[in-house]
Amino acid sequence: MAFVPNSIITLTTDFGLDDPFAGIMKGVILSVNPEAKIVDITHGVPAQDILAGSLMLQSSCAYFPKGTIHVAVVDPGVGSGRRPLLALGGDYAFVGPDNGLLARVIESQQHVRVFHLTEQAYCLKPVSRTFHGRDIFAPVAAWLARGISPELFGPLVDDWIRLDWPSPRPIGPGRLQGTVLHIDRFGNLMTNISQEHLSEARAGFEIVLGNSKINRLCWSYAEAADGEPFAILGSAGLLEISVKRASAAEQLGVRRLQEFEVRFF
Amino acid sequence: MAFVPNSIITLTTDFGLDDPFAGIMKGVILSVNPEAKIVDITHGVPAQDILAGSLMLQSSCAYFPKGTIHVAVVDPGVGSGRRPLLALGGDYAFVGPDNGLLARVIESQQHVRVFHLTEQAYCLKPVSRTFHGRDIFAPVAAWLARGISPELFGPLVDDWIRLDWPSPRPIGPGRLQGTVLHIDRFGNLMTNISQEHLSEARAGFEIVLGNSKINRLCWSYAEAADGEPFAILGSAGLLEISVKRASAAEQLGVRRLQEFEVRFF
Amino acid sequence: MAFVPNSIITLTTDFGLDDPFAGIMKGVILSVNPEAKIVDITHGVPAQDILAGSLMLQSSCAYFPKGTIHVAVVDPGVGSGRRPLLALGGDYAFVGPDNGLLARVIESQQHVRVFHLTEQAYCLKPVSRTFHGRDIFAPVAAWLARGISPELFGPLVDDWIRLDWPSPRPIGPGRLQGTVLHIDRFGNLMTNISQEHLSEARAGFEIVLGNSKINRLCWSYAEAADGEPFAILGSAGLLEISVKRASAAEQLGVRRLQEFEVRFF
Chain A
0 MAFVPNSIIT
10 LTTDFGLDDP
20 FAGIMKGVIL
30 SVNPEAKIVD
40 ITHGVPAQDI
50 LAGSLMLQSS
60 CAYFPKGTIH
70 VAVVDPGVGS
80 GRRPLLALGG
90 DYAFVGPDNG
100 LLARVIESQQ
110 HVRVFHLTEQ
120 AYCLKPVSRT
130 FHGRDIFAPV
140 AAWLARGISP
150 ELFGPLVDDW
160 IRLDWPSPRP
170 IGPGRLQGTV
180 LHIDRFGNLM
190 TNISQEHLSE
200 ARAGFEIVLG
210 NSKINRLCWS
220 YAEAADGEPF
230 AILGSAGLLE
240 ISVKRASAAE
250 QLGVRRLQEF
260 EVRFF
Chain B
0 MAFVPNSIIT
10 LTTDFGLDDP
20 FAGIMKGVIL
30 SVNPEAKIVD
40 ITHGVPAQDI
50 LAGSLMLQSS
60 CAYFPKGTIH
70 VAVVDPGVGS
80 GRRPLLALGG
90 DYAFVGPDNG
100 LLARVIESQQ
110 HVRVFHLTEQ
120 AYCLKPVSRT
130 FHGRDIFAPV
140 AAWLARGISP
150 ELFGPLVDDW
160 IRLDWPSPRP
170 IGPGRLQGTV
180 LHIDRFGNLM
190 TNISQEHLSE
200 ARAGFEIVLG
210 NSKINRLCWS
220 YAEAADGEPF
230 AILGSAGLLE
240 ISVKRASAAE
250 QLGVRRLQEF
260 EVRFF
Chain C
0 MAFVPNSIIT
10 LTTDFGLDDP
20 FAGIMKGVIL
30 SVNPEAKIVD
40 ITHGVPAQDI
50 LAGSLMLQSS
60 CAYFPKGTIH
70 VAVVDPGVGS
80 GRRPLLALGG
90 DYAFVGPDNG
100 LLARVIESQQ
110 HVRVFHLTEQ
120 AYCLKPVSRT
130 FHGRDIFAPV
140 AAWLARGISP
150 ELFGPLVDDW
160 IRLDWPSPRP
170 IGPGRLQGTV
180 LHIDRFGNLM
190 TNISQEHLSE
200 ARAGFEIVLG
210 NSKINRLCWS
220 YAEAADGEPF
230 AILGSAGLLE
240 ISVKRASAAE
250 QLGVRRLQEF
260 EVRFF
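Protein chains in written order, with numbering that gives the first Met the number 0: chain A, 0 to 264; chain B, 0 to 264; chain C, 0 to 264.
Since the hints were derived computationally from the structure, they do not count as laboratory data. Hints are supplied without guarantee of correctness; some may be wrong.
EDC-like mimics (lysine to aspartate or glutamate), calculated; alpha carbons at most 20 Å apart, straight line [stated by the list, open to error]:
1) A/K65 / B/E34
2) C/K65 / A/E34
3) C/K243 / A/E34
4) A/K124 / C/E106
5) B/K243 / C/D48
6) C/K124 / B/E199
7) A/K243 / B/E199
8) B/K65 / C/E34
Some chain C residues judged to face chain B by a derived CB distance under 7 Å, without partners named [to be verified]:
9) D18
10) I23
11) F130
12) A224
13) G226
None of these values were measured; they are calculated from a predicted model. For each residue, glycine too, the CB sits at the ideal point set by N, CA and C.
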């Protein structure tokens with residue numbers, strides 16, 4: 000099935016909202032395509048954190064209608080040789096830099112085609128060395144939403160950069176090493192352990208994270224006791240570690256990308 | 000008069016903008032109702048602060064066109080037995096958790112009807128225990144904007160949770176105890192004292208707040224002197240305490256929910 | 000050429016996003032003009048920083064389609080005698096306070112006409128002394144987008160407040176004094192030195208900023224070495240000083256409006 004654009008274009012960046020960068024991208028999009036409906040997924044990806052950007056894009060994109068164009072810009076290599084990409088699956092299109100940011104969503108789509116954006120006609124002129132969100136990714140998304148055929152943006156490629164994703168690693172019988180992928184606003188720790196991994200547990204489990212041991216699984220934040228760390232299946236389908244009415248990150252002294260052990264009984 | 004939806008849906012949450020939660024809600028809304036116009040009131044309600052969320056919703060909702068659907072999510076009890084609600088007045092509809100967050104706006108509407116959202120057909124499947132903004136409130140608002148009759152979402156209820164709102168309290172002749180409800184970005188202190196309370200003053204007033212006494216009422220920020228604390232009738236119709244070009248909260252050492260005394264002469 | 004509005008209204012303010020002020024302005028706009036398409040440029044202008052607001056507006060406005068109405072509110076003098084203004088050029092309209100905030104964009108437009116907003120019929124009633132973004136600027140922009148003739152908002156004026164813009168200053172042969180105008184989210188230092196100034200350099204240049212000397216010009220962030228300060232032509236066409244994968248502001252100990260010297264060889 001070919002990708003058929005609706006008029007929705009989403010933005011996921013590390014630009015923050017204190018500077019006008021996201022606003023400028025919206026101006027460029029609307030200049031090309033006044034009918035575009037622009038939706039912010041977030042501009043709060045931690046600066047230059049490709050892994051977090053990838054995670055946020057992946058956990059959000061499928062909640063949008065089929066035909067949505069997702070633009071993602073976490074781009075420490077802007078202005079270097081790194082390629083700008085357009086990836087089309089049957090359901091969604093993704094526009095962004097070739098640095099691993101799009102790899103997970105590309106792999107999640109069926110019949111995906113990836114194009115190297117080389118056609119200058121669909122970019123601002125001149126293309127700067129510092130702001131491809133404005134000069135390439137925004138206008139390409141807007142032209143795609145207007146119905147420009149994807150082949151016109153540049154050649155097909157299949158060697159896009161893969162992402163070095165921290166997967167859970169077995170480290171012994173009934174033992175798994177996991178990683179804290181992201182810490183959210185409430186201090187919840189989002190891990191790379193999924194519901195499938197947890198099903199290994201017959202009698203229970205224990206998470207050893209820094210100096211803490213966590214063996215309680217809650218189904219909702221409400222059932223936990225105040226101040227007690229617990230595990231919960233988060234809204235993205237991944238195991239999270241939380242403390243009710245407090246920041247698990249602060250209370251447990253945990254940093255992003257910290258590793259931990261899960262023991263299943 | 001029955002509620003007639005326009006296509007506007009507003010969002011007021013404590014999700015912040017660094018995570019993709021607000022963006023995900025927008026995706027869900029647009030998946031149900033591509034014609035929806037989504038407007039953020041704020042996602043900066045202090046985490047789990049039902050009182051502040053209530054205040055922000057109440058001070059904002061009436062500036063929107065009649066027929067607007069206001070979604071509010073400050074939801075520490077998500078996943079517990081707390082009910083999801085839809086409230087319809089003649090002018091506005093409100094969607095959110097039954098924890099007091101909607102109580103003040105429900106009471107401010109005439110001929111209000113409140114429904115317990117029980118009908119799964121208008122929710123995402125499965126409904127998670129951690130993110131009802133995505134799974135219940137967003138899709139219900141989108142279906143309502145599409146014209147679904149409110150009775151179809153669930154049964155009428157009249158025992159919604161009331162909010163324990165800190166009202167000003169007389170503590171002697173010409174003396175009132177007030178509370179700082181909220182501190183805004185500029186450090187202004189929003190109180191629960193309204194224009195009506197102030198009209199008690201014949202000759203003047205004095206506010207005793209911590210170690211500070213404030214007896215100047217200004218009509219605009221501009222007329223105050225730099226560094227001098229003053230009282231002003233804020234844009235929400237409530238008395239505020241400010242310091243020109245400085246943060247009153249920092250300068251006076253005041254915290255949210257701190258009490259103070261007003262003496263009228 | 001007369002200004003012909005499209006339906007786009009942008010907002011640039013120092014209100015932040017934690018309070019509902021920006022959301023309230025959107026409600027007011029949609030109440031007057033349900034067809035308006037509202038786009039945030041930013042609400043993160045540093046509080047009451049007219050210079051930064053001016054810079055952000057100027058660097059963003061031209062990326063929007065012709066006919067866009069730009070509303071800007073950084074307004075320490077709200078409620079005083081300072082006038083509310085509407086400025087129309089051939090391409091864009093600007094609405095905001097008469098405090099210098101609009102001066103640079105007014106001067107950048109051809110055949111510009113500036114109106115003093117005196118007609119109460121297009122304002123909320125009553126107009127408060129504390130929130131003209133809500134009571135004057137938002138509804139005027141919405142009425143203008145609906146096609147109200149600009150003459151109806153009030154009389155023409157030509158004595159709007161000019162902005163005291165820090166221009167680069169020659170301080171000797173081949174020596175220029177520059178100013179750091181703004182520090183962005185990544186800690187990059189945006190200066191008032193433009194591409195034209197840099198063309199003075201024949202053999203090279205040296206920037207003396209606090210205790211640091213910077214003589215490397217990079218064309219992209221990617222070509223710099225980690226931790227090394229460098230100069231780069233930023234996306235707004237102005238010289239910026241950056242440190243790769245670090246905050247130049249922190250590493251070099253630089254504050255907003257700090258002056259520095261450029262020596263050309």
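Okay, the hints, checked on the actual structure:
1. Only pairs whose Cα atoms come within 20 Å are accepted, and A/K65 paired with B/E34 is accepted, the gap being roughly 15 Å.
2. With a C-alpha separation of about 15 Å, the suggested pair C/K65 and A/E34 falls inside the 20 Å cut-off, and the hint holds.
3. A C-alpha spacing of about 38 Å is found between C/K243 and A/E34, which places the hinted pair above 20 Å, so the restraint is violated.
4. Using a Cα cut-off of 20 Å, the hinted pair A/K124 and C/E106 is violated, with the two alpha carbons roughly 24 Å apart.
5. Between B/K243 and C/D48, the direct Cα distance comes to roughly 14 Å. Compliance with the 20 Å bound is thereby established for this hinted pair.
6. Our distance criterion of 20 Å between C-alpha atoms is broken by C/K124 and B/E199, whose separation comes to about 25 Å.
7. Only pairs whose Cα atoms come within 20 Å are accepted, and A/K243 paired with B/E199 is rejected, the gap being roughly 44 Å.
8. Between the alpha carbons of B/K65 and C/E34 the distance comes to roughly 15 Å, so the proposed pair stays at or under 20 Å and holds.
9. Proximity of C/D18 to chain B holds as hinted, the smallest CB-CB distance being about 5 Å (cut-off 7 Å).
10. Taking 7 Å as the C-beta contact cut-off toward chain B, the hint placing C/I23 at the interface holds, the least distance being around 5 Å.
11. For C/F130, the interface hint holds, the least distance from its beta-carbon to any beta-carbon of chain B being 4 Å, beneath 7 Å.
12. Because the beta carbon of C/A224 sits about 30 Å from the nearest beta carbon in chain B, more than 7 Å, this interface hint is broken.
13. The interface hint given for C/G226 is violated, since its Cβ lies 26 Å from the closest Cβ of chain B, which is over the 7 Å cut-off.
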